[in-house]
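Visitor: Chain order of the listed sequences is A and B. If you read the first sequence in this note's numbering, its first letter stands for residue 1, the second for the next number, and so on. If you read the second sequence in this note's numbering, its first letter stands for residue 1, the second for the next number, and so on.
These are calculated hints, taken from the structure and not from any lab test. Certain hints may be false.
With a cut-off of at most 25 Å between alpha-carbon atoms, the simulated PhoX-like pairs for lysine-lysine come out as follows [unchecked claim]:
id : chain 1 : residue 1 : chain 2 : residue 2
1  : B       : Lys84     : A       : Lys205
2  : A       : Lys226    : A       : Lys126
3  : A       : Lys321    : A       : Lys272
4  : B       : Lys84     : A       : Lys196
5  : B       : Lys144    : B       : Lys220
6  : A       : Lys199    : B       : Lys220
7  : A       : Lys199    : B       : Lys160
8  : B       : Lys5      : A       : Lys203
9  : A       : Lys319    : A       : Lys335
10 : A       : Lys344    : A       : Lys272
11 : B       : Lys185    : B       : Lys220
12 : A       : Lys344    : A       : Lys321
13 : A       : Lys196    : B       : Lys190
14 : A       : Lys203    : B       : Lys199
15 : A       : Lys199    : B       : Lys241
16 : B       : Lys185    : B       : Lys84
17 : B       : Lys144    : B       : Lys186
18 : A       : Lys290    : A       : Lys126
19 : A       : Lys319    : A       : Lys350
20 : A       : Lys226    : A       : Lys321
21 : B       : Lys84     : B       : Lys241
22 : A       : Lys196    : A       : Lys159
23 : B       : Lys199    : B       : Lys5
24 : A       : Lys199    : B       : Lys144
25 : A       : Lys225    : A       : Lys196
26 : B       : Lys199    : A       : Lys196
27 : A       : Lys44     : B       : Lys5
28 : A       : Lys44     : B       : Lys186
29 : B       : Lys185    : B       : Lys5
30 : A       : Lys290    : A       : Lys272
Label-pair distances were calculated between CB atoms; the ranges are [claimed, not checked]:
id : chain 1 : residue 1 : chain 2 : residue 2 : range
31 : B       : Gly179    : A       : Gly201    : 32 to 40 Å
32 : B       : Gly127    : A       : Arg332    : 29 to 37 Å
33 : A       : Gly201    : B       : Lys5      : 12 to 20 Å
34 : A       : Phe213    : B       : Asp197    : 28 to 36 Å
35 : B       : Phe56     : A       : Glu177    : 49 to 57 Å
36 : B       : Glu150    : A       : Lys199    : 53 to 61 Å
Beyond 12 Å from chain B on every Cβ pair, some chain A residues (computed) [as the list claims (entries may be wrong)]:
id : residue
37 : Glu87
38 : Val180
39 : Gly201
40 : Asp209
For glycine and all other residues, C-beta sits at the position ideal for the given N, C-alpha and C.
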Amino acid sequence: MEKRIMKGNEALAEGAVRGGCRFYAGYPITPQSEILEWMSWRQKEVGGVFIQGESEIASVNMTFAARSLGARALTSTSGPGFSLYQEGIAYWVSAGVPAVVACVQRFGIGDGFISAGQDNYWQAVKGGGNGDYHLITLAPNSVQENVDMAYESFALAEKWMHPVLILSDGTIGQMMEPCVLPPMVDYDMDQPWAVKGCKDGEKNKVITDITYFQDIDEWNAGYLKKMREISETEQRWESFCVEDADIVLVAYGISSRVAESAVHQAREEGFKLGLIRPITLWPYPRKAFKEIPDTCRGVITVEVNMMGQMRDDVIITVKGKFPTFALTTNQRIAKVDQVVQYAKDVYDGKIREEEVY
Amino acid sequence: MPARKAPDLMYAENRFCAGCGHGIFDRILGEVLTEMGIVQDTIICSDIGCNHQFQFCMRVDAIVPPHGKMGAALTAQKHVRPDKYALTICGDGGAYAIGLGETMAAATRNENVTFFVMNNTVYGMTGGQLAPTTMMGQKTASSKAGRTYEEYGENFDVFKVMQGLDIAYLARTSVTNPGNIAKTKKFVRKALEKQRDGKGFSLVEVLVPCPTNWGMTPVKSMEYIDQVVSTQYQLGELIDK
Numbered sequence: 001m002e003k004r005i006m007k008g009n010e011a012l013a014e015g016a017v018r019g020g021c022r023f024y025a026g027y028p029i030t031p032q033s034e035i036l037e038w039m040s041w042r043q044k045e046v047g048g049v050f051i052q053g054e055s056e057i058a059s060v061n062m063t064f065a066a067r068s069l070g071a072r073a074l075t076s077t078s079g080p081g082f083s084l085y086q087e088g089i090a091y092w093v094s095a096g097v098p099a100v101v102a103c104v105q106r107f108g109i110g111d112g113f114i115s116a117g118q119d120n121y122w123q124a125v126k127g128g129g130n131g132d133y134h135l136i137t138l139a140p141n142s143v144q145e146n147v148d149m150a151y152e153s154f155a156l157a158e159k160w161m162h163p164v165l166i167l168s169d170g171t172i173g174q175m176m177e178p179c180v181l182p183p184m185v186d187y188d189m190d191q192p193w194a195v196k197g198c199k200d201g202e203k204n205k206v207i208t209d210i211t212y213f214q215d216i217d218e219w220n221a222g223y224l225k226k227m228r229e230i231s232e233t234e235q236r237w238e239s240f241c242v243e244d245a246d247i248v249l250v251a252y253g254i255s256s257r258v259a260e261s262a263v264h265q266a267r268e269e270g271f272k273l274g275l276i277r278p279i280t281l282w283p284y285p286r287k288a289f290k291e292i293p294d295t296c297r298g299v300i301t302v303e304v305n306m307m308g309q310m311r312d313d314v315i316i317t318v319k320g321k322f323p324t325f326a327l328t329t330n331q332r333i334a335k336v337d338q339v340v341q342y343a344k345d346v347y348d349g350k351i352r353e354e355e356v357y
Numbered sequence: 001m002p003a004r005k006a007p008d009l010m011y012a013e014n015r016f017c018a019g020c021g022h023g024i025f026d027r028i029l030g031e032v033l034t035e036m037g038i039v040q041d042t043i044i045c046s047d048i049g050c051n052h053q054f055q056f057c058m059r060v061d062a063i064v065p066p067h068g069k070m071g072a073a074l075t076a077q078k079h080v081r082p083d084k085y086a087l088t089i090c091g092d093g094g095a096y097a098i099g100l101g102e103t104m105a106a107a108t109r110n111e112n113v114t115f116f117v118m119n120n121t122v123y124g125m126t127g128g129q130l131a132p133t134t135m136m137g138q139k140t141a142s143s144k145a146g147r148t149y150e151e152y153g154e155n156f157d158v159f160k161v162m163q164g165l166d167i168a169y170l171a172r173t174s175v176t177n178p179g180n181i182a183k184t185k186k187f188v189r190k191a192l193e194k195q196r197d198g199k200g201f202s203l204v205e206v207l208v209p210c211p212t213n214w215g216m217t218p219v220k221s222m223e224y225i226d227q228v229v230s231t232q233y234q235l236g237e238l239i240d241k
């Protein structure tokens with residue numbers, strides 16, 4: 001195992017390469033361009049392919065083609081680019097193409113800003129393109145997890161023949177931390193499902209909406225079964241001090257780092273705060289919420305956005321059992337004191353539960 | 001002389017309308033791939049539109065990215081598996097309208113890939129609406145009084161747009177009679193030979209009839225191509241490096 005101090009974006013790129021990624025296409029966009037820059041030289045070193053696409057639309061479809069031919073393929077982007085990706089990603093889903101996309105979130109609507117944000121949540125976990133689907137969505141909260149999630153993302157996507165999204169953010173992408181790099185995976189792109197030219201006597205393969213070649217009712221049933229299995233078996237989370245908590249925080253990515261510190265600080269003050277950190281955003285870790293004691297007075301999401309996007313999923317999960325709140329800090333990352341104070345105010349009944357937007 | 005048989009890779013009847021030119025082209029491509037012995041080494045990138053019906057009658061591996069994105073997908077195909085032929089059968093709407101950016105980007109990079117663009121001057125699958133290739137004055141489902149310069153500018157001519165590019169091969173042909181079909185076959189083969197020899201980007205535009213949306217009989221459609229469409233769109237080889 002090799003230990004390095006790395007920038008989050010570069011760690012994500014290197015994690016993917018070591019996980020067998022031999023194709024990358026992307027278009028420069030802040031705050032994730034380091035992934036593209038890393039791949040531009042690193043793919044050459046490992047005998048892979050790097051293409052700087054002429055647009056995000058081109059890049060997402062290059063990734064579709066490369067993955068369809070068998071190569072473990074990654075593309076990465078941020079907010080506005082991720083919007084442009086949605087059509088292409090829907091095609092990945094309909095064709096069962098196990099490609100991987102990383103979205104390093106930045107704050108804002110439309111062009112928005114280049115600083116970190118967590119406001120791609122709805123788009124990321126509620127589908128994003130047309131049709132019924134969720135992407136398997138991993139949410140790293142450290143440079144190490146950028147490595148690890150990128151490393152394992154291809155195997156996870158291939159396990160289900162379904163795309164994986166790594167939903168990082170500008171802070172995780174730009175900060176430097178020590179990390180351990182895993183060994184290089186050897187991956188054979190001659191997969192049975194990949195197109196590589198139809199040999200004599202073989203049936204040809206067409207990578208397209210699978211329902212063109214299969215009974216649609218049969219396919220729909222199989223697809224729903226798969227999605228249900230994913231949602232039951234792939235939930236991942238981390239819990240801190242939830243079992244006796246009076247207030248439970250829910251936070252992913254960079255916000256979970258702040259929330260974890262808030263739990264420690266509150267506990268030192270004798271205030272029983274807990275934290276659920278979703279590691280998968282879809283499937284949402286519903287099982288984690290079963291640990292919350294009946295005496296809990298409120299569940300608070302901590303999010304770098306305006307509308308408390310993840311609170312929707314908390315409401316769906318707790319089904320009215322607990323009041324829910326969102327500490328939203330817009331384009332700024334919450335401060336530890338701010339989180340503790342907000343939680344105390346909820347505990348004291350000073351903050352009213354609001355309707356969702 | 002024995003009757004000509006369809007090549008083995010044509011495993012089913014095509015699904016095109018009576019008199020459509022796509023079926024003729026698919027047969028030509030099937031013959032060329034067979035004669036060059038490269039069926040096993042070909043991955044077709046389909047466009048979305050009438051053209052994608054080839055996948056239901058040709059035994060060849062294929063991928064289907066979103067409408068128009070062939071330039072991007074072919075680029076990746078060729079880089080990932082340089083030993084395989086990367087070609088697309090596509091429409092004029094896909095290649096020149098929604099996918100113009102990707103088509104031009106692939107051409108400006110001189111990617112070693114091949115486009116076969118079926119130009120029938122309309123969007124066929126959606127009911128015959130105006131396309132970039134719709135000619136001046138031509139009536140379509142979305143230009144009922146005929147195309148005007150004021151509304152849409154000049155019609156798109158790939159010869160004018162690509163003539164200055166550093167690409168390997170650019171040609172236009174039609175399928176209106178046995179002579180033109182033979183010429184089309186020759187151009188198709190030449191384009192694939194450019195790719196085989198690593199020369200770079202090749203594009204063959206084929207003027208094909210769309211009797212259904214033109215509101216003409218199949219025979220009349222062929223005459224229309226010879227008498228009208230071919231006078232607007234110059235036939236022959238413009239670039240041959």
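Visitor: Now look at each hint and say whether the structure bears it out.
Guide: Taking the hints in turn, this is what the structure says about them:
1. Of the pairs offered as hints, the one joining Lys84/B and Lys205/A holds, with about 15 Å between alpha carbons and a cut-off of 25 Å not exceeded.
2. Our distance criterion of 25 Å between C-alpha atoms is met by Lys226/A and Lys126/A, whose separation comes to about 17 Å.
3. Between Lys321/A and Lys272/A the alpha-carbon distance is near 19 Å, which keeps this suggested pair within the 25 Å criterion.
4. As the CA atoms of Lys84/B and Lys196/A are separated by approximately 8 Å, the hinted pair is consistent with the 25 Å bound.
5. Straight-line distance between C-alpha atoms of Lys144/B and Lys220/B comes to about 20 Å, which keeps the hinted pair within the 25 Å bound.
6. Proximity of Lys199/A to Lys220/B is assessed by CA-CA distance (about 40 Å); at most 25 Å being required, the pair is judged violated.
7. Between Lys199/A and Lys160/B, the direct Cα distance comes to roughly 40 Å. Violation of the 25 Å bound is thereby established for this hinted pair.
8. Proximity of Lys5/B to Lys203/A is assessed by CA-CA distance (about 21 Å); at most 25 Å being required, the pair is judged to hold.
9. A threshold of 25 Å between alpha carbons decides the hint, and for Lys319/A with Lys335/A the separation of about 29 Å lies outside it, so the pair is violated.
10. Simply put, Lys344/A and Lys272/A have alpha-carbon atoms about 10 Å apart, close enough for the 25 Å limit, and the pair holds.
11. Annotation: proposed proximity of Lys185/B to Lys220/B holds, straight-line Cα distance about 23 Å (limit 25 Å).
12. A C-alpha spacing of about 19 Å is found between Lys344/A and Lys321/A, which places the hinted pair at or below 25 Å, so the restraint holds.
13. Restraint check: the Cα-Cα separation between Lys196/A and Lys190/B comes to about 23 Å, which is no more than 25 Å; the hinted pair holds.
14. Distance hint between Lys203/A and Lys199/B is unfulfilled; the C-alpha atoms sit about 31 Å from each other, more than 25 Å.
15. With a C-alpha separation of about 32 Å, the suggested pairing of Lys199/A with Lys241/B is violated against the 25 Å cut-off.
16. For a cut-off of 25 Å, the pair hint linking Lys185/B to Lys84/B stands: about 20 Å separates their Cα positions.
17. A C-alpha spacing of about 37 Å is found between Lys144/B and Lys186/B, which places the hinted pair above 25 Å, so the restraint is violated.
18. A distance of roughly 23 Å separates the Cα atoms of Lys290/A and Lys126/A; the hinted pair therefore holds under the 25 Å criterion.
19. A hinted pair counts as satisfied when its Cα atoms are at most 25 Å apart, and Lys319/A with Lys350/A qualifies at roughly 22 Å.
20. Proximity of Lys226/A to Lys321/A is assessed by CA-CA distance (about 29 Å); at most 25 Å being required, the pair is judged violated.
21. Taken as a hint, the Lys84/B and Lys241/B pair is honoured in the structure, with Cα atoms around 21 Å apart against an allowance of 25 Å.
22. A threshold of 25 Å between alpha carbons decides the hint, and for Lys196/A with Lys159/A the separation of about 21 Å falls inside it, so the pair holds.
23. As the CA atoms of Lys199/B and Lys5/B are separated by approximately 32 Å, the hinted pair breaks the 25 Å bound.
24. Between Lys199/A and Lys144/B, the direct Cα distance comes to roughly 48 Å. Violation of the 25 Å bound is thereby established for this hinted pair.
25. A hinted pair counts as satisfied when its Cα atoms are at most 25 Å apart, and Lys225/A with Lys196/A does not qualify at roughly 29 Å.
26. Straight-line distance between C-alpha atoms of Lys199/B and Lys196/A comes to about 22 Å, which keeps the hinted pair within the 25 Å bound.
27. Of the supplied pair hints, the one linking Lys44/A and Lys5/B is violated, its CA atoms being roughly 46 Å apart against a limit of 25 Å.
28. Note on Lys44/A and Lys186/B: the hinted pairing is violated, with a Cα-Cα distance of about 38 Å set against a maximum of 25 Å.
29. As the CA atoms of Lys185/B and Lys5/B are separated by approximately 16 Å, the hinted pair is consistent with the 25 Å bound.
30. Only pairs whose Cα atoms come within 25 Å are accepted, and Lys290/A paired with Lys272/A is accepted, the gap being roughly 17 Å.
31. For Gly179/B and Gly201/A, the Cβ-Cβ distance of about 36 Å falls inside the hinted range of 32 to 40 Å, so the restraint holds.
32. Distance hint check for Gly127/B and Arg332/A: the Cβ-Cβ separation is about 52 Å, which falls outside the suggested range of 29 to 37 Å.
33. At roughly 18 Å, the beta-carbon separation of Gly201/A and Lys5/B lies within the given 12 to 20 Å, and the hint holds.
34. As the Cβ distance of Phe213/A to Asp197/B is approximately 35 Å, the hint placing it in 28 to 36 Å holds.
35. Hint check: Phe56/B to Glu177/A, Cβ distance near 53 Å, so the stated range 49 to 57 Å holds.
36. For the pair Glu150/B and Lys199/A, the supplied restraint of 53 to 61 Å holds, since their beta-carbon distance comes to about 55 Å.
37. Once the 12 Å rule is applied to beta carbons, Glu87/A is inconsistent with being away from chain B; the minimum gap is 5 Å.
38. No Cβ of chain B comes within 12 Å of the Cβ of Val180/A; the nearest lies about 30 Å off, and the non-interface call holds.
39. At roughly 10 Å from the closest C-beta of chain B, the C-beta of Gly201/A falls inside 12 Å, breaking its exclusion from the interface.
40. A beta-carbon of chain B is positioned within 12 Å of the beta-carbon of Asp209/A; the least distance is around 7 Å.
This entry does not satisfy hints 6, 7, 9, 14, 15, 17, 20, 23, 24, 25, 27, 28, 32, 37, 39 and 40, going by the numbered hints stated previously.
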